[in-house]
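For reference, the chains in residue letters:
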Amino acid sequence: MRDNTVWITGIGAVTPLGNDFSTFADNLLAGRSGVRETPLYPHGPLPRQFAAAIGDIPVPPGWDPGSFSQLARLEQLSLSCAARALTDAGLWEQRQDLRVGIVLGMGAEYLRVWELDILAGGRRVFEPERDVQSVVHAVREKLDLSGPAAALAAACASSGFALALARRWIQLDLVDVCLAGGCDLVTPMAYAGFHNLRALSRRTDDPEKASRPFDRDRDGFVMGEGGTVFVLEPNNLAGQRDARVYGELAGCGTTSDASHMVIPSSDPQPASRAMQMALENAGVRPQDLGYVNAHAAGTPVGDRAETRALRLALGESAMHVPVSSTKSMTGHLLSAAAAVEAMACLVALQRQTIPPTINLDNPDEECCLLHVANQAWDRPVRVAASNSFGFGGSNICLVLRAA
Amino acid sequence: MAATRLAVFRDTPDCDIACAVAAHAMVEACPEAMETLRTTLGQESDSPLPPRFLRYADEQTVVGMAAVLQAMAAFPVPRTDFSDWGVLAAPCLLGRINGACTLSKFQQSGPAAVSPHAIPQLSLHSVSSAISVGLGMHGPNFGIGGGPESLAEGLTVGLSFLDETILPGIWLVFTQWDREPIPDGLGGSCIDTVCRAVAMALVPGTTAGATLRLSLWHPLRRLKVVGLPSRTAPPDRRPGLMELSGALAALTAGNQSARWSYPLPWGGRMELLLVAKRHMKAV
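Chain order of the listed sequences is A and B. Quick note: the first sequence, position 365, residue 365 per the numbering used here, numbers continuous. Quick note: the second sequence, position 280, residue 280 per the numbering used here, numbers continuous.
No wet-lab data here; the hints were simulated from the structure. These numbers were taken from a predicted model, which means no experiment stands behind them. We treat Cβ as the ideally placed atom computed from N, Cα and C, and that holds for glycine.
Simulated DEER-style distance windows between Cβ atoms:
{"#": "1", "chain 1": "A", "residue 1": "Glu-316", "chain 2": "B", "residue 2": "Arg-52", "range": "39 to 47 Å"}
{"#": "2", "chain 1": "A", "residue 1": "Arg-36", "chain 2": "B", "residue 2": "Glu-35", "range": "40 to 48 Å"}
{"#": "3", "chain 1": "A", "residue 1": "Asp-56", "chain 2": "B", "residue 2": "Asp-184", "range": "35 to 43 Å"}
{"#": "4", "chain 1": "A", "residue 1": "Pro-363", "chain 2": "B", "residue 2": "Asp-184", "range": "50 to 58 Å"}
{"#": "5", "chain 1": "A", "residue 1": "Arg-123", "chain 2": "B", "residue 2": "Gly-136", "range": "37 to 45 Å"}
{"#": "6", "chain 1": "B", "residue 1": "Arg-259", "chain 2": "A", "residue 2": "Glu-37", "range": "53 to 61 Å"}
{"#": "7", "chain 1": "B", "residue 1": "Pro-51", "chain 2": "A", "residue 2": "Arg-241", "range": "57 to 65 Å"}
{"#": "8", "chain 1": "B", "residue 1": "Gly-136", "chain 2": "A", "residue 2": "Glu-366", "range": "25 to 33 Å"}
{"#": "9", "chain 1": "B", "residue 1": "Thr-40", "chain 2": "A", "residue 2": "Tyr-41", "range": "34 to 42 Å"}
{"#": "10", "chain 1": "B", "residue 1": "Asp-184", "chain 2": "A", "residue 2": "Glu-366", "range": "45 to 53 Å"}
{"#": "11", "chain 1": "B", "residue 1": "Gln-256", "chain 2": "A", "residue 2": "Asp-3", "range": "32 to 40 Å"}
Per the computed footprint, the stretches of chain B lying under chain A, defined by three or more beta-carbons under 8 Å from a beta-carbon of chain A, are:
{"#": "12", "stretch": "88 to 95"}
{"#": "13", "stretch": "148 to 156"}
{"#": "14", "stretch": "161 to 169"}
{"#": "15", "stretch": "265 to 275"}
Throw the hints in and build the complete structure from the sequences for me.
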C-alpha cells in the first residue's frame, strides 16, 4: 500500500436501481432498466414523459421520520446518502472526533430549490432573505461535521469533480475523511429545459427502450434522479481501523473542451487528454484497464465524440477494453451521474462482472468499441475507468482500482 | 432553546497553502449598465471573445468575464498563453433574476415556455464554463458554492485545487450582487443593486505577484452552548467580496500586506494573508 492511497470505505446511495450497493449491483448486472413513465405534466402539452425516478428517500438510521419528511427533497436526498455512507463506513459514532469534510456535486441547486418551492405555492425566488444556507452546509450542520464543505458543479460531470477534490483534500491533509458524491432530482422545469434543448429521447412508445447509448437508433438521453455519496479515507486511517474497502480512487484527470456551452467538441483531444491524465495519475497503462464506464448518454453527437476520444486515449488497447454505458439502465443522473457510475465501476471490481449497455441492438458504426451489449460479462477486472462530460465542456475521468 | 458551538483553536494552523496572485481585477455593474457591458465585451478588434457570446448569459457571468479580461490585461507577463489554465468560479445565488422570469413564464405558459438557455446559462457551472469556452482555456472548469458561503468555499477549493504538477495556473473568479436583487418577474430588479466580480490569476509557488496564503484552523474542541443564538450568521454579516477586493486594492495601492481573517461556516477559521512581492521574504 502507498501513502497517497485513498480508499472508498463507505457508500450511501439512492438510485433508480436500488438504495444500497448490493441491490444496485444485482439490478445493474441483471440489465434491468430503471426507466418508467413519470408524469410531470399530467395535462400539459409535452408528449408522454418518462425518467429513471426514485421512490421514497430512505430515512437515515436514528433520524426522526417526521422531521426528515419536513426537509426539502434535495436536502433529504443529500442527507440520506451522506448519513448512510458514514454508517456504512463504520464512522458514524466517530464522525465528531475526525475532521470530516463534505463535497457534493450540485449542478443547479438553487434553480431546483426555487422551482420546487414555487410549485408548492411559495415565492422563495422573490424572497432573497430565505436563501441563508445551501444544501451542503445544511447537511454538514445536521451531521455535525467539522471539516470543510463545498458544492461543486461541472454540469453532468459535477460529482466526478467532487470526488477528485475530496481525494485532493485527503492527500493535502486538509481532512481526515471526506464525504463526496452528488445528488440531483428530475423536476418539471428541468425536464422541460432539456426537452426544449432537444437533448431528451422522444421514444415515447417504449420508455424502457429509450435510453440506448451507442445504438444506431438512439435519439437523446433519459433523465434520471438520485444520489450517491462515498466515504473517502486515507490509507493510514483505513489501515488503523481495519476498514472494509470497496476500492481505491486511484486517479483523476480533468480538462475542458473550450468549444461550446452545450455541444461536445468535435476535437477528441481534450476529452482524450483527461483520460490519459487519469491513467498517468493512477500509474496504469491503457492495457491495464479491465473496464471503462462510458459517459455515453445516448445523444447522437455525444456518443460519437466519446468514442473518438476513447480510441485516441487508449490507442491499440481501445478494441480490447470492455466498454459499457450504465445510463442505459439508470438514466442520466446529471450532477449525480459520475458518482453513480463510479459505483458501477466498484460493482465491476467487487463482483468481477462487467455491467452491460442495455438496448444496444445495432451498434452505431461510428461508435466502434468493445461493447458489453445487453448481457453482463464475467471477467477479471482489476482497474476500471469512468468518464464524465458536462455542458460547458468539462471532462473528467476517474480511475478506480480493486483493493 | 437555541444552541451554538464555540470553537477552541490551536496556535498554529492545521493547513497552510500559499500561492501567488499574478494579477487581479474587480468589476462592478448596475443592472442598467449590464446591457452595455454585455454587448461591449468582445467587440474590440483584439478581443478573444466571440461577438454576442454573452447574449444569454446571466449578469454574474457578464461581470465575471469582464473581470477576467481586465485581469488578463494587467497580467505582468505580456502575451502569456492561458490555454492550459483552469477556471474556477464561485458565484453567489446565480440566476435569481432570470430564474424568476423563467419560472413565471413556466407557470403561466407551461413547459414550452422554458428557454433552452436556462440550463446552460443559469447553473452553477455557467460562469466558469463561459470563461473557459469564451477565452479558450482547456484546464478544468467548474463552479463552486453557489450559496451564501461561496466565498469561503471558493477560496478553500481554489487554493487546494491548484496542483502545480498539473496546472500552470487557475483563474479564481468570485461574483455576487451587492444586495440580492428582488426580481420583478420581467427580467429586472425591484431594488437598486450592483453586480460585482473579482478575478484572481493564481499561479503555483510564491515567486510572482502578491502572495495569497490560506491558513485553516480546525477547531481543537467544539463546545455546544445552549441559550445562545445559532452560530450561522446572516449572509449580510459575513465578510464579502468587498473585503476581498479591498484587500487586493490595498496591495495595488502600494500597501505592504493585507490580512483578512474570518470564521468558516464549518467551525474552522481562515486567514488570508496578501503580501506584495517585494516583501515576500518576510512572510
